[in-house]
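Dock chain C against chain Z, hints included.
2 protein chains.
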Amino acid sequence: MNRFRLVCSRCSLTLPFRYNEMKCACGGTLLVDYDVEQIARTFTKEALAARYPTMWRYKDLLPVNEPDCIVSLGEGWTPLLRMREWERKLPIRQLWIKREEQNPTGSFKSRGFSVAVSLLKEAGVTQAAVPSNGNAAGALAAYAGRAGIKAYAFIPSDCPPLIVQECVQYGARTFLVDGFIHDAAAIIEAGKEEQGWVNVGTLKEAGRVEGKKTMGLELAEQLGWKFPDVIIYPTGGGSGIIGMWKAYIELKALGWIDGPMPRFVCVQEAGCQPIVDSLAAGGQAAAQPAGVPASPTGMRVPNPPDLELILSIVEQSGGTAIALSRSEIASAVETLGAQGISASPEGAATWAGLLASCESGWLRPTDSVVLFNTSHALKYSKLASLAQLPTIRNYRDFCNYWK
Amino acid sequence: MNRFRLVCSRCSLTLPFRYNEMKCACGGTLLVDYDVEQIARTFTKEALAARYPTMWRYKDLLPVNEPDCIVSLGEGWTPLLRMREWERKLPIRQLWIKREEQNPTGSFKSRGFSVAVSLLKEAGVTQAAVPSNGNAAGALAAYAGRAGIKAYAFIPSDCPPLIVQECVQYGARTFLVDGFIHDAAAIIEAGKEEQGWVNVGTLKEAGRVEGKKTMGLELAEQLGWKFPDVIIYPTGGGSGIIGMWKAYIELKALGWIDGPMPRFVCVQEAGCQPIVDSLAAGGQAAAQPAGVPASPTGMRVPNPPDLELILSIVEQSGGTAIALSRSEIASAVETLGAQGISASPEGAATWAGLLASCESGWLRPTDSVVLFNTSHALKYSKLASLAQLPTIRNYRDFCNYWK
Numbered sequence: 001m002n003r004f005r006l007v008c009s010r011c012s013l014t015l016p017f018r019y020n021e022m023k024c025a026c027g028g029t030l031l032v033d034y035d036v037e038q039i040a041r042t043f044t045k046e047a048l049a050a051r052y053p054t055m056w057r058y059k060d061l062l063p064v065n066e067p068d069c070i071v072s073l074g075e076g077w078t079p080l081l082r083m084r085e086w087e088r089k090l091p092i093r094q095l096w097i098k099r100e101e102q103n104p105t106g107s108f109k110s111r112g113f114s115v116a117v118s119l120l121k122e123a124g125v126t127q128a129a130v131p132s133n134g135n136a137a138g139a140l141a142a143y144a145g146r147a148g149i150k151a152y153a154f155i156p157s158d159c160p161p162l163i164v165q166e167c168v169q170y171g172a173r174t175f176l177v178d179g180f181i182h183d184a185a186a187i188i189e190a191g192k193e194e195q196g197w198v199n200v201g202t203l204k205e206a207g208r209v210e211g212k213k214t215m216g217l218e219l220a221e222q223l224g225w226k227f228p229d230v231i232i233y234p235t236g237g238g239s240g241i242i243g244m245w246k247a248y249i250e251l252k253a254l255g256w257i258d259g260p261m262p263r264f265v266c267v268q269e270a271g272c273q274p275i276v277d278s279l280a281a282g283g284q285a286a287a288q289p290a291g292v293p294a295s296p297t298g299m300r301v302p303n304p305p306d307l308e309l310i311l312s313i314v315e316q317s318g319g320t321a322i323a324l325s326r327s328e329i330a331s332a333v334e335t336l337g338a339q340g341i342s343a344s345p346e347g348a349a350t351w352a353g354l355l356a357s358c359e360s361g362w363l364r365p366t367d368s369v370v371l372f373n374t375s376h377a378l379k380y381s382k383l384a385s386l387a388q389l390p391t392i393r394n395y396r397d398f399c400n401y402w403k
Numbered sequence: 001m002n003r004f005r006l007v008c009s010r011c012s013l014t015l016p017f018r019y020n021e022m023k024c025a026c027g028g029t030l031l032v033d034y035d036v037e038q039i040a041r042t043f044t045k046e047a048l049a050a051r052y053p054t055m056w057r058y059k060d061l062l063p064v065n066e067p068d069c070i071v072s073l074g075e076g077w078t079p080l081l082r083m084r085e086w087e088r089k090l091p092i093r094q095l096w097i098k099r100e101e102q103n104p105t106g107s108f109k110s111r112g113f114s115v116a117v118s119l120l121k122e123a124g125v126t127q128a129a130v131p132s133n134g135n136a137a138g139a140l141a142a143y144a145g146r147a148g149i150k151a152y153a154f155i156p157s158d159c160p161p162l163i164v165q166e167c168v169q170y171g172a173r174t175f176l177v178d179g180f181i182h183d184a185a186a187i188i189e190a191g192k193e194e195q196g197w198v199n200v201g202t203l204k205e206a207g208r209v210e211g212k213k214t215m216g217l218e219l220a221e222q223l224g225w226k227f228p229d230v231i232i233y234p235t236g237g238g239s240g241i242i243g244m245w246k247a248y249i250e251l252k253a254l255g256w257i258d259g260p261m262p263r264f265v266c267v268q269e270a271g272c273q274p275i276v277d278s279l280a281a282g283g284q285a286a287a288q289p290a291g292v293p294a295s296p297t298g299m300r301v302p303n304p305p306d307l308e309l310i311l312s313i314v315e316q317s318g319g320t321a322i323a324l325s326r327s328e329i330a331s332a333v334e335t336l337g338a339q340g341i342s343a344s345p346e347g348a349a350t351w352a353g354l355l356a357s358c359e360s361g362w363l364r365p366t367d368s369v370v371l372f373n374t375s376h377a378l379k380y381s382k383l384a385s386l387a388q389l390p391t392i393r394n395y396r397d398f399c400n401y402w403k
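Protein sequences, first through last, are from chains Z and C.
Its first residue numbered 1, the first sequence is counted upward by one per residue in the UniProt record's numbering.
Its first residue numbered 1, the second sequence is counted upward by one per residue in the UniProt record's numbering.
Bound-form chain Z, shown alone:
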């Protein structure tokens, strides 16, 4: 019997596993479904405790069969940093930041692409393409480089230049697209037959959601097989939320955790807030404007591939979604920076979301909360606005500077 298969998140149809089939005939998303009973025979907490700290310690719950096909660059098992001072200030029972920027490509996207590219390798694929606001493209480029697969990256032209540069550095064929991420996706779809590339965009194949699931598995393990009360997560295409929800479901099925699902809080930038708007519209997917005014970050996804699934997870969990202004996000980047944490706008948005939900009373002083810092601040440097600093020759110059 197979260790895993596909199941539709909407109509519950089951199908044999295929790595690049994620859309059910009913319109729902096909997700990987594991035979937990079979897996539990050998996959125990004790067995796990002896394994090396990378995300592949959870390989029993990942859809790669051939160990030789695992494409790894040292991803996962990122630190979970306690923020005690702020627990007292806010107040809140426990506050943690999951430092996803410490992954090999400097962002949480390493996880999804480690699994996605492993599946490509297993399938013998030689070319892959991704539409991306940047970090996903960098991750595809790196893992494809490691695997010897040709990578194509299509990135909106206003995305951060250093993240674009990263794709080039990892050897990807990189193109700037005059448009949004869905315009980039359209180019890939248009060239699919002719170019023969596999589209590894959000919810186009099984690996990315499964890889991101390890954020949830890890979080539970790092907290002693508990989930926090609340997870605040920057949400674009939504595969992170879907992945962490799957982690909860699977750990529950294994009997490893107990208690209610963490309340998922999706943070978005005001101007591109499909989840916020849809929840406000009573959980009905709300139409988005053609052009959105938000910054070119990973949260700028006007039309997530399966908005319905994200909404149902957020509602099931008792969570919510918050839109933050550009200036709230910029101020959060600074607040975190001053505490020694290199936070991308997306990661900082979780901090802004934390402050907003404490302020509104949505977060309770008894809550334990985990924020996800998804990428390094430096990758978003605006080159024109690098700090202007004094140049000195000696201590006298230094003293003169203060006068």
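Don't take every hint at face value.
The list treats identical chains as interchangeable, and a pair is accepted whether it falls inside one copy or across any two copies.
As the list claims (entries may be wrong) - Here are the computed lysine-lysine pairs in the DSSO-like style, where the Cα-Cα straight-line distance is at most 30 Å: (1) 45 to 252; (2) 59 to 252; (3) 192 to 45; (4) 45 to 59; (5) 403 to 89; (6) 150 to 89; (7) 45 to 89; (8) 150 to 403; (9) 59 to 226; (10) 192 to 403; (11) 150 to 59; (12) 192 to 150; (13) 59 to 403; (14) 23 to 252; (15) 226 to 45; (16) 23 to 382; (17) 252 to 192; (18) 23 to 45; (19) 382 to 59; (20) 226 to 150; (21) 89 to 192.
These are calculated hints, taken from the structure and not from any lab test.
Small disclaimer: the values here were computed from a predicted structure and weren't measured.
Quick look at chain C alone, frame taken from chain Z:
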């Protein structure tokens, strides 16, 4: 009895521990010396196996007494990546890359400053200053930010702008110095009395060497309590080599490892190669020119604070030192990038050193080798030379691009 004291690496004088006393009256360097017999009573391999994977799992061999004073941002336990394909190509028995760029500040410098800033906190220090080619300054800035200590960074003005930017982002008072790292150090020394800052430059205090020591402890643990035959390491001030040599000595004293010391290979950039030149001069510290033509990387340290100690370690270990040209280093950055590894010039220099020592026959096909990638490539981006990429609107544009 105290768990640790200071001992002079030259005259063997012992002194009670003081965090900021590193120079013996004889001119030698004072290093932290642990009471291994006492430590071994509770510090066992089994106890260690149950601990969380950060570098503070080795706290028994670190000179911080107050657990509440530990300043951590999630440093250490970076991945050790196997490079199987190259083992066959070169050939070499085993090849690994230690991915130090996955530390919280994107470089290996996180380790030293986690310990150094913890010692400052324990001592109640409120201001610290560092002369640095960049990554050390960024690390001081981040850890000082976390600890609430005021940080001053003095950086040669030609250093990579993004690393300078990082210091600002972490809230350090940052100054560009018209000169080399020793000119920056002179400014700090000149202002010591008046400003009241503590100089946390290389070998000015105990924490940085001790923190870097954890690279060696970790490496041995990750390899199953073995050292590799050869460690190739980019060498500037030399605290990494001193730290890893200490790790070897202490693990040997604990009885946890056996066998000969790894052969340490110091890589430097041609033009600023005091270790290479001194070894060539029969182990006598060779004079360096006042101005050096090398790139502004962490390896550009014309006058290491204790060259004699580095030379004695390299010689004791049966190691060597190699100067690589700027173009060999640039080509190594590309080779690693194409394999999905974001390598700084310093990290890439270890790759160039690997190729050179295979070519020369110095490395034997039976050797196991570990390279240290000390920092992320992106931090060194030259803003003016970002890739020029095509901007497209649709699939037709993409096709036209190839014509």
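Here is what the structure says about each hint:
no.: 1; hint: 45 to 252; result: within (13 Å within a copy, 33 Å between copies)
no.: 2; hint: 59 to 252; result: within (17 Å within a copy, 35 Å between copies)
no.: 3; hint: 192 to 45; result: neither (43 Å within a copy, 53 Å between copies)
no.: 4; hint: 45 to 59; result: both (13 Å within a copy, 26 Å between copies)
no.: 5; hint: 403 to 89; result: neither (36 Å within a copy, 61 Å between copies)
no.: 6; hint: 150 to 89; result: between (49 Å within a copy, 21 Å between copies)
no.: 7; hint: 45 to 89; result: neither (36 Å within a copy, 39 Å between copies)
no.: 8; hint: 150 to 403; result: between (57 Å within a copy, 19 Å between copies)
no.: 9; hint: 59 to 226; result: both (20 Å within a copy, 26 Å between copies)
no.: 10; hint: 192 to 403; result: between (63 Å within a copy, 19 Å between copies)
no.: 11; hint: 150 to 59; result: within (25 Å within a copy, 44 Å between copies)
no.: 12; hint: 192 to 150; result: within (14 Å within a copy, 55 Å between copies)
no.: 13; hint: 59 to 403; result: neither (60 Å within a copy, 44 Å between copies)
no.: 14; hint: 23 to 252; result: within (26 Å within a copy, 58 Å between copies)
no.: 15; hint: 226 to 45; result: both (13 Å within a copy, 27 Å between copies)
no.: 16; hint: 23 to 382; result: neither (38 Å within a copy, 43 Å between copies)
no.: 17; hint: 252 to 192; result: neither (39 Å within a copy, 58 Å between copies)
no.: 18; hint: 23 to 45; result: neither (33 Å within a copy, 49 Å between copies)
no.: 19; hint: 382 to 59; result: neither (38 Å within a copy, 39 Å between copies)
no.: 20; hint: 226 to 150; result: neither (40 Å within a copy, 37 Å between copies)
no.: 21; hint: 89 to 192; result: neither (53 Å within a copy, 35 Å between copies)
Checked against the numbered hints above, the structure violates hints 3, 5, 7, 13, 16, 17, 18, 19, 20, 21; every other hint is satisfied.
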